[in-house]
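Listed in order, the protein sequences are those of chains E and V. Using my numbering, read the first sequence as starting at 765 and increasing by one per residue. Using my numbering, read the second sequence as starting at 433 and increasing by one per residue.
In short, the hints are calculated from the structure, not lab data. Among the hints, a few may not be true.
As the list claims (entries may be wrong) - With beta-carbon atoms standing in for the labels, derived distance ranges: (1) R509(V) / E833(E): 13 to 23 angstroms; (2) D766(E) / P507(V): 21 to 31 angstroms; (3) T447(V) / Q845(E): 41 to 51 angstroms.
Unchecked claim - Where chain V lies over chain E, by a calculated footprint (3+ residues, C-beta under 8 angstroms): (4) 800 to 812; (5) 856 to 865.
Keep in mind that this is a model prediction, so the values were computed, not measured. Ideal Cβ placement from N, Cα and C applies to all residues, glycine included.
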Amino acid sequence: GDSVTQMEGPVTLSEEAFLTINCTYTATGYPSLFWYVQYPGEGLQLLLKATKADDKGSNKGFEATYRKETTSFHLEKGSVQVSDSAVYFCAQRGFQKLVFGTGTRLLVSP
Amino acid sequence: NAGVTQTPKFQVLKTGQSMTLQCAQDMNHEYMSWYRQDPGMGLRLIHYSVGAGITDQGEVPNGYNVSRSTTEDFPLRLLSAAPSQTSVYFCASSYSRTGGGNTIYFGEGSWLTVV
Chain E
765 GDSVTQMEGP VTLSEEAFLT INCTYTATGY PSLFWYVQYP GEGLQLLLKA
815 TKADDKGSNK GFEATYRKET TSFHLEKGSV QVSDSAVYFC AQRGFQKLVF
865 GTGTRLLVSP
Chain V
433 NAGVTQTPKF QVLKTGQSMT LQCAQDMNHE YMSWYRQDPG MGLRLIHYSV
483 GAGITDQGEV PNGYNVSRST TEDFPLRLLS AAPSQTSVYF CASSYSRTGG
533 GNTIYFGEGS WLTVV
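The following block holds chain V by itself, in its conformation from the complex (with noise of 0.2 angstroms):
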């Protein structure tokens, strides 16, 4: 059982090129999510997924793209990298589609620098 698993951890990106974050989880999780993580400002909300073929906005959704055609399998593209871009990504998953006490397992993360 691996839980969540992120590749790669660390990536270098020129300006313009694109890339796909891959996650995926073996907890037969419904729910996925990506987070970006930059300094002050906490951990903030990409794109979701509450099962397969379901796919919604976070709350900084703007430059990326997600799809969900598995159960266990999430990535996250950037369709052209802009030094904005330059965080720490995480995936993460859950059983609980609305809500409530269920934990939120994240990936280990993957450090995006965008030149």
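Excised from the complex, chain E in its bound form (with noise of 0.2 angstroms):
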């Protein structure tokens, strides 16, 4: 079936270092793909997505590129800030529902 699989956690920065959190997936046609974050004590906000292959998702400095060969979407930031602390979900859109990765934690230090 459908499924996306994260690296795990925690990723580990210190301020102004660059990130990546890699994520692939498994699915049957070509669903969109999304990054989800999730700061403490809070609800999950949509943080970019991508609909297509070769399409790239971009907002607050994160990129993701929807790589159709590699079934993959990694998650990219050039210097990650202490403010970007967080979970973050990878999710593929399949029929009805989304499925969602385990979630990677980063924790930037000052």
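Mind docking these for me? Both chains are given alone in their own frames, and the hints should help you get the complex.
So this is what it looks like as structure tokens:
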């Protein structure tokens, strides 16, 4: 069935470091792909999305490119801030639902 | 425009009690759903609805009931709470019935503890 695999965390970085969080998916078709972010004690917010191969989603300095050939949607940011500390979820939209990865916690220290 | 509103935000229940988590959206979305979030397991779909009067089961429906009498509201009922239902619950909604790039919007979550 459809699934999403994310790298396990926590990912611990210093401020201004480069961030990559890996995400791969398995699907029967070509799903839309999403990254959601969850700040402590809050709900999920859409960070970015891509709906077809080679699309690049971007928001708040984060980017992810829909790679059909490697079935991946890795999240990147060139320079992280303390305020980016959160849990990041990769997801694909299949029939009637989102399929989520298990989440990756990012901890950024000053 | 409030988006997706869930209540209550926090609740403690005793085993065997019943309760209803409320969810309302003001975006005229056809699709609404409930997820639960557990450590190390991401979010899992409990039930969903593609319109008023239509509901269906997700991955983990046991112990939960839903109904959709209006477009705006999609309550989740726990008939007899069990400790295994301790979790964070998220309601979500979107325009599209059958997938695609339409964004699914989430409520702020309901933290439920069953003792």
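Earlier hints that do not hold, by number: 1
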